[in-house]
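So you can see what is in the structure, the chains are spelled out below.
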Amino acid sequence: MQSPGALEISRRDLLVASAATVTVASTASLSHFQTSTAAASQSTKISFTVNGERRELQLDNRTTLLDALREHLHLTGTKKGCDHGQCGACTVLADGRRVNACLTLAVMHEGEDITTIEGLGQPGSLHPMQAAFVEHDGFQCGYCTPGQICSSVAMLEEIKANIPSHVTGDLLAPAEVTPAEIRERMSGNICRCGAYSNIVEAITEIAGRKA
Amino acid sequence: MRAFSYERASTIEAAAKAAASTDGAKFIAGGTNLLDLMKLEIETPTHLIDVNRLGVDRIEPTPEGGLRIGALVRNTDLAADERIRRDYAVLARALLAGASGQLRNRATTAGNLLQRTRCPYFYDTSQPCNKRQPGSGCSALSGFSRQLAVVGVSDACIANHPSDMAVAMRALDAIVETVRSDGTTRSVPIADLHRLPGDTPHIEHVLERGELITAVVLPKPLSGKHIYRKVRDRASYAFALVSIAAVVLPDGTGRVAVGGIAPKPWRDEAAERELPNGARAVTAKLLANARPTEQNAFKMALVERTLSAVLAEARG
Ligand SMILES: Cc1cc2nc3c(=O)[nH]c(=O)nc-3n(C[C@H](O)[C@H](O)[C@H](O)COP(=O)(O)OP(=O)(O)OC[C@H]3O[C@@H](n4cnc5c(N)ncnc54)[C@H](O)[C@@H]3O)c2cc1C
Ligand code: SF4
Ligand code: FES
Ligand code: FES
Chain A
1 MQSPGALEIS RRDLLVASAA TVTVASTASL SHFQTSTAAA SQSTKISFTV NGERRELQLD
61 NRTTLLDALR EHLHLTGTKK GCDHGQCGAC TVLADGRRVN ACLTLAVMHE GEDITTIEGL
121 GQPGSLHPMQ AAFVEHDGFQ CGYCTPGQIC SSVAMLEEIK ANIPSHVTGD LLAPAEVTPA
181 EIRERMSGNI CRCGAYSNIV EAITEIAGRK A
Chain B
1001 MRAFSYERAS TIEAAAKAAA STDGAKFIAG GTNLLDLMKL EIETPTHLID VNRLGVDRIE
1061 PTPEGGLRIG ALVRNTDLAA DERIRRDYAV LARALLAGAS GQLRNRATTA GNLLQRTRCP
1121 YFYDTSQPCN KRQPGSGCSA LSGFSRQLAV VGVSDACIAN HPSDMAVAMR ALDAIVETVR
1181 SDGTTRSVPI ADLHRLPGDT PHIEHVLERG ELITAVVLPK PLSGKHIYRK VRDRASYAFA
1241 LVSIAAVVLP DGTGRVAVGG IAPKPWRDEA AERELPNGAR AVTAKLLANA RPTEQNAFKM
1301 ALVERTLSAV LAEARG
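Chains as they are written, first to last, in the numbering used here: chain A, 1 to 211; chain B, 1001 to 1316.
Chain A extracted, bound-state conformation:
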């Protein structure tokens, strides 16, 4: 029988271990037909600002911004849902604009300013949007929540910048904050728990307070 100790390895360690195995295997197969200099160019040094702090990383070019944040900088607040741009759980701000961190490479963000949920606010000093999500029960399991909050903060800025949406009636009139506008503009953030109506309430409250 296996000792109970062997089972105390966390799911996280397992993921890290299996990822390492994959890396070793692919490097090994590459060495058959590539020189070591070519292999070296398959990683790039990147320097960017994350939540106000200058960070430098040497990354395999394949590393998405999402994996750089989670696996290299250990900012695990940003979540991986689908890894294909379909759910919005990975939403972060790049130079103030909301993006899907899973569909962009870290190396493409050299010199940029990245903000994750950890950078918006912390326990004890929550961002108003974080507080509003808590107050309005804008979540159940919480998995989509960091993405929802980052997305909604940037979304309100988009309205302020007068960027129209699919439901905007008059393209030449100033953009408005209405429940229909919020729903349309937040459609890139899926909530499996269906907390949508409370999410809209939380966002509406913050939008109203700002106006």
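Treat the hints as calculated values from the structure; they're not laboratory data.
Be careful, since some hints might not be right.
[Claimed, not checked] Derived lysine-lysine pairs resembling DSSO-like cross-links, with alpha carbons at most 27 angstroms apart:
(1) B/Lys1285 / B/Lys1225
(2) B/Lys1039 / A/Lys45
(3) A/Lys45 / B/Lys1225
[Unchecked claim] Chain B side only, calculated, beta carbon under 8 angstroms to chain A, not exhaustive:
(4) Tyr1006
(5) Ala1009
(6) Lys1039
(7) Asn1052
(8) Ala1079
(9) Arg1085
(10) Ala1097
(11) Gly1101
(12) Phe1144
(13) Asp1233
C-beta atoms are modelled at their ideal positions from N, C-alpha and C, and glycine is treated no differently.
Position chain B with the ligands relative to chain A; hints supplied.
Relative to chain A, chain B with the ligands alone:
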């Protein structure tokens, strides 16, 4: 994802040259389509040329009274531009009907035009697909084809082009400007950019290896009502089953391009001349050579009804 080397290009010429001289090189712009496909190893470039810092990200007036849209202008910024909203509303509407706020913030004008099909078998690497693996067969013909094309198709492939933006650009007769690796430039009318599948569905457009899109030029604005209507399985964040980009004049004449039904934005000038005679007359001509499957035959009626709604809105 397969390993690749990476370079950040700072001039148009360098980007085009690098792409032509490096085997397996591809440009990456927003990355929202390319990276998706690289993760599934459907796209396996060995070298990526990042074109995000080429500086072709402005929208400028042309001497002819139109607009030149830099290839790297993001979908959000194009839709929000005051001139686009005022003079090319059909394009602003098409952009806003596509993808999500996050994706539009990254997606670029050139990348949107060259995005690849959403055929479920193209994405499923365990299934035969002539587009992904030439000669392997088409799984969609006898499979799940509800979303796919009804016109312009071949026995080899019935995939449709997923872009909303391109449908409006087709109605507007946009022109795609490129630079080839030898530094020469050319202008390709959007009507000629995408190829029909024929026997070679893996060849999707007329651009050469290393040919870089630098801009899309819109001719001077068209008067009339600008309408983009998209029909899809959910109200937001879904690809079109059928979409219609139209510019309709008070006398009932105008332009119509249709999305979701063909391997490229579908427009037929002869069908368009039937506009004053109503949606049925237009659709009959537009879909005369259609070859729907049992599962997507509903698109035939859907095109007519969507156009009918568009024409009612234009009159209203
Ligand atoms: C979940 C989801 C939903 C979506 N829904 C919609 C929708 O409803 N409607 C819609 O229209 N689209 C939709 N999209 C697709 C989206 O619009 C495209 O992914 C996007 O427009 C691609 O642009 P990009 O700049 O990210 O391209 P990339 O992924 O960077 O590139 C795409 C292709 O273009 C090539 N390329 C890029 N720039 C150039 C250039 N300057 N010259 C030559 N070649 C170039 C690349 O090599 C690559 O082959 C959706 C995407 C996702 C993930
Ligand atoms: S329709 Fe085209 S893309 Fe889809 S399975 Fe057939 S060959 Fe592949
Ligand atoms: S994890 Fe990025 S959109 Fe789902
Ligand atoms: S709270 Fe569970 S997915 Fe949104």
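Index of numbered hints that the structure contradicts, given in increasing order: Of the numbered hints, 3, 5, 12, 13 do not hold.
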